[in-house]
Every structure is written in C-alpha cells, then in structure tokens.
Amino acid sequence: MAALTVLFTVFSSANAFAQEAAAAATAKPVDMGPVHQNALFYVLLFLLLCLFIAIVGKALKVYELTRETQGKPEGINWNTVNAVIFALFLVVGLYGVYWEYTVHGTMITHMHEAASEHGQRIDEMFKLTLIITTIVFILTHIVLFAFAYFYRASDKRKAYYYPHNNTIEKIWTIVPALVLTLLVLKGFLTWRSIFYKVEDPKNRAINIEVTSSQFLWEIRYPGTDAIVGKKNYKLITAINSLGIDFTDKNSLDDLTADEIVIPVNKPVRFILTSKDVIHSFYMPHFRVQLNTVPGMTSYFEFTPTITTEDMKTKLNNPKFNYILLCAKICGANHFNMQKNVRVVSEKEYQEWLTKQTPYLTNDLRKAFNLPVPVEAAAPAAKEAPADTAATAAKVALDVKNQLALKK
Amino acid sequence: MSTISLHDTHHDDHGHGHHHETFLTKYVFSQDHKMIAKQFLITGIIMAVIAMLLSILFRIQLAWPDKTFPLLETFLGKWAEGGRIKPDFFLALVTIHGTIMVFFVLTAGLSGTFSNLLIPLQIGARDMASPFLNMLSYWFFLTACLVMMGSFFTQTGPASAGWTVYPPLSAVPKAMPGSQIGMTLWLISMVLFVASSLMGGINYVSTILNMRTKGMDLWKMPLTIWALFLTAVLGILSFPVLVAGVVLLVFDRSFGTSFYLSDLVFGTQILPNEGGSPILWQHLFWFLGHPEVYIVIMPALGISSEIISVNARKPIFGYHAMVYSLMGITILSFIVWGHHMFVTGMNPLLGGVFMITTLIIAVPSAVKTFNYLATLWRGNIRFTPAMLFAIGLVSFFISGGLTGIFLGNASLDINLHDTYFVVAHFHLVMGSAAIFGMLAGVYHWFPKMFGRMMNPKLAYLHFWVTFICAYLVFFPLHFLGLDGVPRRYYAFTEFEFMNKWLTVNVFVTWSAIVAALAQVAFLFNFFYSIFRGKKAPQNPWDANTLEWTTPVEHLHGNWPGEIPTVYRWPYDYSKPGAEKDFIPQTVPFSQTMSSNLPHDFEGNEEAERIQKEWEATNKPVQE
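Top line first, the protein sequences correspond to chains X and C.
Residues in the first sequence are numbered consecutively from 43, following the working numbering.
Residues in the second sequence are numbered consecutively from 3, following the working numbering.
Everything labelled a hint here was simulated from the structure, so no lab data went into it.
Treat the hints with care, as some may be off.
Here are some, though not all, of the chain X residues that point toward chain C, as calculated from beta-carbon distances under 10 Å [as the list claims (entries may be wrong)]:
no., residue
1, A125
2, Y143
3, F179
4, S235
5, Y324
6, Q331
7, P400
8, T403
9, N404
Please read these numbers as outputs of a predicted model, since none were measured by experiment.
Just so it is clear, CB atoms sit at the ideal spot from N, CA and C, and this is done for glycine as well.
Please model the entire structure based on the sequences and the hints provided.
Here it is, written out as structure tokens:
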C-alpha cells in the first residue's frame with residue numbers, strides 16, 4: 043500500500059513538474075505531437091511483444107495439455123532446454139570474451155606501453171594478473187556450464203552422494219593462496235617502488251604544484267630556485283587565486299602556466315593540493331593518480347619516458363595529447379575538468395620555461411608591500427634577493443593584520 | 003530456557019487461532035515474521051524498479067549526450083529542460099541509484115526479506131525473538147525509503163555527491179545543489195535505515211542463537227541461516243560506525259563543526275572551518291562500506307548454497323568449509339576497508355597492508371566457488387528458475403570476483419581507481435550476483451511465502467534475457483576503465499580519447515533497456531502468481547529443510563502442533579540406500595537404517611552399535 047502511495051506521488055508530482063515546465067516553455071513551444079506518437083508507438087510495440095510472448099506461452103500450454111490427455115510423456119523437457127542453452131551460452135560466451143579482448147581490448151589508447159618508468163612496472167603487474175585471472179575465468183566457466191549441461195536431470199541417474207573431501211578442499215585452498223601470495227608480493231614491491239623514492243642528489247625531481255578547484259587545475263612552477271614557495275588558503279583573494287605567500291622568498295620567482303610541460307626522462311614531483319572539494323589528479327597514460335584533498339598536501343613522483351611527439355608517431359595519431367583529468371566526483375562539471383600535458387625534450391622544456399609569466403604581478407606587489415619595479419615587465423626573480431629577508435617578516439605581519447581587519 | 007518454553011506455549015495459543023486479527027494487524031502493522039518478510043520484499047522490489055528506472059535515465063544520457071528527448075522534460079520538468087538531463091541531475095541519478103540499490107534493495111530487500119522469512123522457519127521457531135522490534139524494523143526501513151524518495155521533490159534536488167557522499171562535496175551546501183536539503187534528507191534517511199537494520203540484525207542474531215528447535219545445533223543449520231546469521235553480526239558491528247560518521251557530517255553541515263573540513267575556499271570565499279580531515283569520513287564510511295558489500299553478497303551466497311544443493315539433488319560440497327569461509331569473509335571484511343582509499347594520499351604503508359588483507363579475502367571466496375562447482379559435479383540438476391539464477395550467481399561471482407584481484411592490488415588501483423573498471427567490477431560481483439541471489443530466493447520460496455507457484459516458463463525467459471544482458475552491459479565497461487575513462491562522467495564528449503567509446507555506450511544502454519524490459523516478465527509473474535498462480539504443494543522442491551514441513555496456509559506460529567525435532571543435517575540428498583532422493587531434517591536415523599553412514603552418528607557409540615546390529619541382520623536382504 044505504502045509503496046503504491048509512493049508511486050502515486052511520483053507520478054502526480056511529475057505532472058506538477060510537467061505543468062511547471064510547460065509554463066516555462068511557452069516561449070519556445072515544442073511540438074509534442076510527434077513525440078507522443080513516437081512514445082505511443084514504442085509502447086504499442088512492447089505490448090505487441092508481450093502479446094506474442096503470451097500467445098507462445100498459451101500454445102505451449104495447449105501442447106502440453108494435449109500430450110497429457112493423450113497419456114504421452116511431457117512434450118518439452120525444460121531441463122534439457124535450459125541445459126542446452128547453458129552449453130550454447132558457454133560457446134558463444136567464450137567467443138564473446140575473445141572478441142571483447144581483441145576488439146575492445148585494442149581500442150585502449152595506451153594499450154601498447156605506459157609513458158612512464160613506474161607505469162611499465164604497473165603494466166607488467168597488470169599483464170601477470172590478467173593472464174592468471176583469464177585462465178581461471180575461462181576454466182571455471184567451462185566447468186560450470188559443462189557441469190550444468192552434462193549433469194542435467196535425468197530419471198535414469200541418481201546424483202552422487204559426495205558431501206566432502208578434505209584433500210581436495212585443502213588443495214583448492216592452498217593453491218589460490220599461493221597464487222595470491224605471488225600477486226601480493228609482486229604488487230607490494232611495485233607499490234613500494236612507486237611511493238618510496240630515495241632522492242638522488244644528482245637527479246633531483248622537478249617540483250610542480252597543482253591546485254584543483256571546481257572545475258580547473260592551476261599549475262605553478264617553482265622558477266629558478268627550484269622550490270615552490272609557501273601558500274596559505276587564508277591569503278586567497280581575487281588577484282591571488284592560490285593564496286601564495288609572497289613573504290616567502292621562494293614564492294617570488296614562481297611561474298604560472300596554462301599547461302603542464304615536463305621534460306622527458308627526468309623525474310617530476312607533483313605537489314597536489316585542493317581548494318574546495320576532493321578532486322583526483324589522474325593521468326592515465328602515465329599510470330598516475332592521486333586525490334587532491336583540501337587541507338592535505340600529497341605528492342606523486344614519476345619519470346615520463348616518451349615525448350608527446352614520439353607518442354604521436356607511435357600511435358599514428360597526429361592529434362594525440364597526454365591529458366590530465368579529474369577522477370573524483372566533484373560537481374556538475376566533473377566530466378570536463380581537463381588540462382593538456384606535454385612531454386618534451388630538456389631543451390624545449392627550458393625554452394618553454396623562459397616564456398612563462400611569474401605569478402607576482404604589480405598588484406600583488408602592492409598588496410604585499412613589496413617594491414614595485416619601475417619597468418613593469420622586468421623579470422621578478424633577479425630582483426628578489428637582498429631586500430626581502432628583512433622586510434619579509436614585517437610584510438607578513440602587515441598582511442595578516444590587514445586580513446584580520448577585513449574579517 | 004524456561005522463558006523460551008513459555009514463549010513457545012504462548013505462541014501455540016496464537017497458532018490455534020484464539021486471537022482476533024484485523025486487517026491492520028494482519029497486513030499493515032503485522033508482527034508475524036512471514037508478513038514482515040513480504041513487506042520487506044515488496045518494498046524492496048518497488049525500490050529496485052525505481053533504482054533501475056533511474057539507471058536507464060542516466061544510461062540514456064551517456065549513450066546519446068547530444069540528443070534531446072522532449073519526453074524527458076515531460077516527466078522530469080526542470081531537471082531535463084529542453085529534453086536533456088542536466089549535469090547536476092545526472093549526478094543525483096547516479097547517487098540515488100547507488101544508494102537505493104546498495105542499501106534499500108540489496109541490504110533490506112535481500113537480507114530483510116530472507117532473514118525474516120527463513121530464520122524462524124528453518125531453525126524451527128514460532129516467530130522472531132522480538133516480533134515488535136521486527137515490525138519497527140520494517141517501518142523504519144519504509145520511512146527511510148520515503149524520506150529518500152522525498153528528496154526528489156525538493157527545489158534543489160536529491161543528494162548528488164555519489165553514494166559514498168564524500169565531504170567536502172557533500173558537506174558544503176554551495177559545493178553543488180544536491181548538497182543542500184537533498185543531502186540533509188539523505189542523512190536522515192540513512193540514520194533511519196541503520197536503526198532499521200540494527201533492530202533487524204539484533205533480532206536475527208538472538209533468534210538464531212536462542213530459539214532453535216530441539217536437535218538443531220549450529221552444525222545442523224542450513225547454510226542460508228549461517229549466511230544470514232553472519233550477515234547480521236557483520237551489520238550489527240559495522241552499521242553503528244556509519245551512524246557515527248553520519249552524525250559528524252550532520253554536525254559539520256548544520257552546526258559549524260569541522261570534523262571533515264579544513265582549508266576550504268569556494269571562489270574567493272574562505273570558509274572558517276579548520277583542523278578537520280575529509281579522509282576521516284572515508285575511513286568511517288568504508289569501515290561500514292566494505293563489510294556492507296559482504297552484507298549484500300553473503301545472504302545471496304547462502305541462498306544459492308541451499309538452492310544449488312536442493313536442485314542438484316546433492317549435498318552441498320564441503321559444508322564445514324562453506325561455513326568457515328563465510329566466517330573468514332566476515333572477519334576479514336573488517337580489515338580491508340582501506341583498499342577503497344589507496345589513492346587518497348594516505349600513508350603508502352597503509353596501502354601495502356590493506357593490499358595484503360584484501361587479497362587474502364579472495365581465498366575463502368575461491369573456496370566457495372570451487373565448492374559450488376563440486377556440488378554440481380555428478381549431480382542430477384533440475385533447472386528450476388531458482389536454480390538458473392543460482393548458477394547465474396556463481397558465474398557473476400567468478401567474473402566480478404576476479405576483477406577484484408586487479409583492484410585489490412594497490413599498484414594496479416592507481417590507474418583503475420574510480421574508472422569504469424570499478425563500475426564493471428562491483429556491478430558484477432555485488433550488483434548482479436546479489437540480485438540474482440535475491441531472485442533465486444524469490445523463485446524458490448515464493449510457494450512458501452504466498453502458497454502458490456510462479457510460472458516457470460516466464461521465469462526462464464526472465465532469467466535468460468537478464469543473464470545475457472547483464473553481461474552485455476557490464477563486460478564492455480571494463481575496457482572503458484582500462485582506457486582511463488573515469489566513472490560519474492556526465493558525457494564523454496569533452497575528451498578526444500573517449501569519443502571512440504560512444505558507440506559502446508549506445509550498445510550498453512540498449513542492453514540495459516532490454517534487461518529492464520525483461521523485468522516486466524518477472525513483475526507480472528510475481529504479482530499475477532500471488533493471486534492466480536497454481537496452488538503450491540507443501541514441499542514443491544522435495545527439499546529437506548524445516549520450512550517445508552509447515553502447512554501451505556500460513557498460520558501465526560508456523561506449525562499447528564508441536565515444533566518438529568531435527569535429527570540430521572539439511573543436505574541428505576540422494577543418499578545411497580535411501581528410498582527417495584531426499585531425507586528431511588525431521589526424519590530420525592531410526593527410520594533410515596538402510597542409508598545411515600558411520601559418520602552420521604558423530605561418535606555416539608550406542609547408535610553405532612545399533613546400526614551395526616541392524617546391518618548384520620539385514621545385509622543379505624540388501625544385497
């Protein structure tokens with residue numbers, strides 16, 4: 043009863059909405075005539091199908107009843123019918139799996155190779171797991187459906203009373219346990235090699251900060267000092283969207299970028315933060331994913347191995363681009379939160395870097411009481427050194443006071 | 003003990019029809035476990051239909067993102083203005099589909115229905131330990147459903163932060179429209195639901211532990227009861243943690259606390275919350291959330307164990323192993339929640355630990371699968387509709403379980419997390435498998451519930467279309483995930499690399515529509531058979547368990563006379579030497595001398611002696 047009321051309210055309010063919508067739609071009237079005809083057509087089609095099924099059902103019943111009255115055995119042995127369909131399902135299904143693996147499997151863009159060092163290890167792990175699971179998948183299904191077919195009910199046979207066999211049970215406990223141990227061990231080593239990195243002083247990773255918010259990624263490069271300066275969400279204003287703390291001298295030379303450009307074969311360390319909700323920093327071609335969590339900084343370090351240009355030729359797709367997307371539900375535009383990623387040679391990277399603009403604008407200099415250069419376009423980085431240390435503390439205080447006042 | 007026997011006699015009176023039942027006490031505020039089971043089932047079915055329709059709506063959006071469907075506007079109004087579902091509403095559809103399916107259909111609809119129906123009937127009790135609590139459990143559940151559906155009628159729409167409602171997205175009302183009143187209703191609904199499932203769970207556990215009939219020791223219980231028992235234990239231990247999490251989220255949303263919130267800026271507005279962690283919610287949520295998937299699948303596994311054994315006319319292979327593997331799953335399921343959080347940025351050491359515990363849980367699952375296969379081996383399989391669905395369950399459990407080995411591996415999860423691979427995985431292993439378990443149970447115990455039979459031919463049609471379509475829907479989705487397509491995407495049109503999957507999406511959506519239409523066969527069969535189905539015999543499947551010793555016509559108290567005594571385990575099918583191919587649990591060994599095995603007497607020397615004497619005198623006759 044209660045359920046009926048639910049249904050009833052669903053429909054009645056749907057009507058209410060329809061009326062509301064109809065009122066709103068007076069400006070641009072849609073001719074609903076053909077739409078309704080179309081819907082009616084499909085409903086009739088479905089009813090026709092139901093009628094057909096009902097007729098078949100009745101025909102079967104009549105057939106069976108006549109057999110019964112004539113004293114003949116049951117006309118259709120449904121056990122056999124179902125058993126045969128299981129057997130067919132097995133054969134067609136196996137072909138279907140083969141088709142899926144070969145057709146949809148090859149539609150995967152990055153099937154061929156991962157574009158990062160650790161990605162190749164992940165792919166190895168993946169292939170091993172895929173091989174083992176596919177074997178188990180196919181064998182168990184063959185057994186399942188073959189048993190269904192061969193042991194279908196028959197009056198001539200009796201089932202074999204076989205309640206348990208400890209030896210067999212031990213075997214099929216231990217064998218999966220061993221196989222899983224292998225997978226766990228390999229998985230654990232792979233996992234360690236990804237997240238436990240020892241810093242190599244000769245080959246330091248490039249730090250790049252990524253800040254997510256609804257629905258964009260903001261990229262910050264560290265500038266010449268290779269250190270991304272401090273930031274504080276409380277400093278966020280319309281002109282300082284990341285809340286960069288320019289009293290930290292490491293911030294002064296930080297660069298803003300429209301896209302992520304990274305040099306090939308050099309480790310990069312992404313510093314991941316978020317301003318509003320949780321997003322997920324996901325770059326499938328590099329096998330990189332980590333959530334960006336507000337209030338918590340996380341890091342992902344990896345080494346790209348294939349430049350965008352090389353990948354274009356490898357995939358024979360001149361339009362190919364590496365991509366950064368958001369993998370954690372974050373709101374209405376979750377589906378379109380992207381950033382281009384380019385992997386280039388070291389030389390191109392350095393060239394590109396010189397063209398990027400510093401974060402520190404004149405407006406920000408004023409806001410932080412930093413000296414404004416006479417020539418607006420002068421590179422900020424070189425002026426930074428001497429005066430900052432002394433003024434930094436003072437400025438910081440000033441800024442905080444200002445903020446406190448604003449509150 | 004004395005209280006229990008008192009209880010029994012009390013119900014005997016009911017059984018003899020001494021008390022007056024009105025329509026209201028019989029059908030609405032019923033305290034009879036069989037009626038409550040039907041209430042749970044029918045509510046569950048209605049919620050399942052609603053959730054299925056929601057999924058068809060978002061599948062339409064995914065398949066034809068550029069097309070307009072003016073009819074959608076007729077039904078959905080402002081949420082599909084111009085005939086196209088809006089992104090916010092898309093997320094609401096996904097969220098509510100997940101919430102309804104996981105909690106209302108596969109927890110309450112499955113476990114609620116069959117615990118209520120089968121526990122008293124299969125252990126030999128007159129009713130639940132606390133019939134009143136049992137009734138409350140249903141009414142809390144129904145209220146939870148109504149509150150959740152009510153959120154569709156709010157100005158800003160239902161909760162839409164995904165069924166896992168991660169804060170800050172769910173906590174900050176301005177993060178998305180669904181996080182306003184819709185989210186509040188979601189949280190209220192969830193508290194009601196947990197209250198319902200705790201009342202149910204406590205009742206199930208106390209009934210099973212205290213009210214088994216004479217002779218029904220734990221190792222003589224059918225596997226359904228074992229599964230429902232362990233499920234209830236799991237629920238009692240894990241659901242309160244969700245309530246704790248939900249209460250903290252309510253505080254954050256409504257009272258300005260900062261349990262989950264810190265360092266938040268929307269646009270340029272800086273929120274005052276400090277010191278909280280969004281990750282805390284994930285720990286609390288998944289501490290329930292992971293046991294929850296076993297709460298969903300274990301009753302289905304128990305049901306299929308029973309059905310496979312009955313219809314293969316064979317004892318379930320490795321009864322003890324089946325119970326121990328259920329226990330193993332129960333215990334392990336508490337220490338694997340972190341595998342949902344490999345890429346949250348939590349300490350990688352935790353990732354390693356959770357990977358190990360997660361992959362260990364595959365072992366008991368594998369044992370169960372192999373035992374099912376061994377039960378089928380050399381059986382005499384009757385393909386009743388229930389049996390078809392049980393076999394379908396085994397197939398889904400294998401297919402979906404194997405992809406779990408990928409996702410449980412932290413290093414592979416980096417690239418697969420939150421992609422369609424995950425969607426495909428859990429829709430097979432806990433979605434389709436659990437639904438098939440539920441349908442198998444409905445077809446099997448329908449005669450017990452309604453005293454009538456369902457039409458088997460319509461059921462065959464229902465099974466085959468659903469089984470095939472479920473694979474057509476979910477198998478291709480794995481490949482989208484492997485290509486890096488994230489889940490909960492409103493459209494695949496914004497990324498060049500996703501365009502190639504649009505045709506696959508169309509195919510998947512059509513398969514889903516066909517699968518949905520096939521459910522009409524079930525719904526018709528179900529509701530028609532309640533009133534017009536063929537009258538059921540007392541034991542239509544020749545099964546051993548106690549529920550088939552009750553009369554077809556329901557009576558309050560289940561058995562008209564004394565509750566039968568149990569002498570043997572429930573799986574004596576096709577025992578050599580027996581007259582028929584089944585020996586009900588109520589048949590004492592003294593009546594089956596020709597089929598007794600030394601193992602049956604569990605070391606009772608007197609019984610063994612009598613058996614030996616009998617064999618000595620009767621052997622020539624047997625030859």
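Cross-check of the supplied hints:
Because the closest C-beta pair between A125(X) and chain C is about 7 Å apart, less than 10 Å, the hint holds. Given hint, Y143(X) at the interface with chain C, holds; its Cβ is 9 Å from that chain's nearest Cβ, closer than 10 Å. A cut of 10 Å between beta carbons decides the hint on F179(X): the least distance to chain C is about 5 Å, and the hint holds. For S235(X), the suggested interface contact is upheld, since its CB lies about 8 Å from the closest CB of chain C, less than 10 Å.
Satisfaction of the interface hint for Y324(X) is found here, the shortest Cβ-Cβ separation to chain C being roughly 7 Å, below the 10 Å cut-off. A least Cβ separation of about 5 Å between Q331(X) and chain C falls short of the 10 Å threshold, and the interface hint therefore holds. Annotation: interface hint on P400(X) violated; nearest CB of chain C at approximately 21 Å, more than 10 Å. Interface hint at T403(X): violated, since its Cβ lies 16 Å from the closest Cβ of chain C, which is beyond the 10 Å cut-off.
Taking 10 Å as the C-beta cut-off, the interface hint given for N404(X) is violated, the closest approach to chain C being about 20 Å.
In this structure, the earlier hints numbered 7, 8 and 9 are contradicted, and the remaining ones agree with it.
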